[in-house]
Amino acid sequence: MSEIKKEQTTTHKIGIYLWIWGLLFVLSFFSYMVDWYQFQGLLRWSLILLFMFLKAGLIMAFFMHLFWERYALVNVLLWPMTAIACFVGLMVAEGKYTLFSRLFYFFVGGS
Amino acid sequence: MSSDPKIKGYEFKPGYSGMAADTASDQTMFKGVHWGKAMMWIFLLSDTFIFSCFLISYMKGRGSTPVEWPNPSEVFALNAFGVPVPLLLIAIMTFVLITSSGTMALAVKYGYERNRKMCGWLILATAIGGLTFVGMQAFEWSKLIHEGVRPWENPFGAKQFGSFFFMITGFHGTHVSIGVIFLFIYAYKTFAGHYDKEKRGWFTSMKGNYVEIEILGLYWHFVDLVWVFIFAFFYLW
Chain A
0 MSEIKKEQTT THKIGIYLWI WGLLFVLSFF SYMVDWYQFQ GLLRWSLILL FMFLKAGLIM
60 AFFMHLFWER YALVNVLLWP MTAIACFVGL MVAEGKYTLF SRLFYFFVGG S
Chain B
0 MSSDPKIKGY EFKPGYSGMA ADTASDQTMF KGVHWGKAMM WIFLLSDTFI FSCFLISYMK
60 GRGSTPVEWP NPSEVFALNA FGVPVPLLLI AIMTFVLITS SGTMALAVKY GYERNRKMCG
120 WLILATAIGG LTFVGMQAFE WSKLIHEGVR PWENPFGAKQ FGSFFFMITG FHGTHVSIGV
180 IFLFIYAYKT FAGHYDKEKR GWFTSMKGNY VEIEILGLYW HFVDLVWVFI FAFFYLW
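As you go down the protein sequences, you meet chains A and B in turn. Under numbering that gives the first Met the number 0, the first residue of the first sequence carries the number 0, and numbering increases by one thereafter. Under numbering that gives the first Met the number 0, the first residue of the second sequence carries the number 0, and numbering increases by one thereafter.
FYI, nobody ran anything at the bench for these hints, they're computed from the structure. Please read all numbers here as calculations on a predicted model, not as lab measurements. Keep in mind that the hints are not guaranteed to be accurate.
Restricting the straight-line Cα-Cα distance to at most 30 Å, the calculated cross-link-like pairs of lysine-lysine (DSBU-like) are [as the list claims (entries may be wrong)]: (1) K95(A) / K5(B); (2) K12(A) / K30(B); (3) K116(B) / K5(B).
In isolation and in its complexed conformation, chain A is listed as follows (with noise of 0.2 Å):
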C-alpha cells in the first residue's frame, strides 16, 4: 500500500454537486407536490415512481460516484437488484391471491 498513498486522487468540480443538489431538491419537491394537488390514480403512482427512480438514480451515480466508478463493481451491485424486482413480481401475484382468497371466503364461506 506504500506507493498508493502518495497518488493524488482525482476529485470533481464542485458545480456539478451543487447541481444534482439541486436537482434532488427540485425532485423532492415535485414528488410532495404528488400530495398536495392529491393526484389520484395511475398518474400518481407513475409520477411517485418517476420522481423516486430519478432522485434515487442521481444519488447513487453522482453522491456515491457510481457513474466514475469501475464497471466490474457497478455490475455487482447492480445486478443483484433485478432478484429484487423478481421477488416484487412474486409478491404482487401473492398479495392479490391472498386478497382475492380472503374476500372469497368472507363471503362465500368454507364448508
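With chain A held as given, fit chain B onto it using these hints.
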C-alpha cells in the same frame, strides 16, 4: 474518474474491458480499490436486501388486506397556523436529509483535496442534519403513539399499518442514528488531523486516509437513498 488511487504496474481500463480485466485478475478483484470501500458496498448491498424485504412485506400486507388502508396524507398531516398541512413534517424531514447528503458529498470532495477544515465542518453539518432528522422522527413517533397507533392497532384503518410503520421507519431511524454517531466521531478525527497524519484507527492497524470519509459518505448517502424509497412507498403511495 473514479476516486481510487492508481497502482504501479496496473493500468485501469474503463468500461466492460476493465470489468473483464478486474474479474479475471488473480487474488484481488477490484484492483486498487480500498478494501473498506469494497466491503462498505457489499454491506450496503446486503442492507438493500433487508430494506427491500421490509418494503416488500409492507406491499404484500397492504395489498392483501380487504380493510381500508389509513390515508397517509391525513395521518401524517401537521397543523400549521391552525390549518392541517398534509405530510408537512415528512417533507421537511426529506429536505433535511437531502441537505445533509449534499454536505456529505462535498465533505468527501474536500477530504480528497486535503482541505481538512472544510471537510470537518461539512461532516459536522451533516451530523447536525442527521440529528435534526432523528429528532423530528422522534416527534412524529410520539405524536402517533399519542394518537393511539400501536403495532397491533390504530384508529385510522387496517391494523397492519402500525407494525409496518414502526418497523420500517424505526429500522431506518436506527441507521440514521448510527450514522450520526459515526459522523461526530469522524468530524473529530478530521479536525484532529488523523487523516493528514495517517494516524492508525481504533479497531484496525489501517493508516488514516481520507478514503474513510468516502466510505462514511457511502453509508450516509445510502441512508438518504432508503429514505427516498420509504418516502415514495410509505408516505406518498
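Right, here's what the structure says about each hint:
Simply put, K95(A) and K5(B) have alpha-carbon atoms about 52 Å apart, too far for the 30 Å limit, and the pair is violated. At roughly 25 Å between alpha-carbon atoms, K12(A) and K30(B) fall within 30 Å of each other, so this suggested pair holds. As the CA atoms of K116(B) and K5(B) are separated by approximately 26 Å, the hinted pair is consistent with the 30 Å bound.
Checked against the numbered hints given earlier, the structure breaks only hint 1 and satisfies all the rest.
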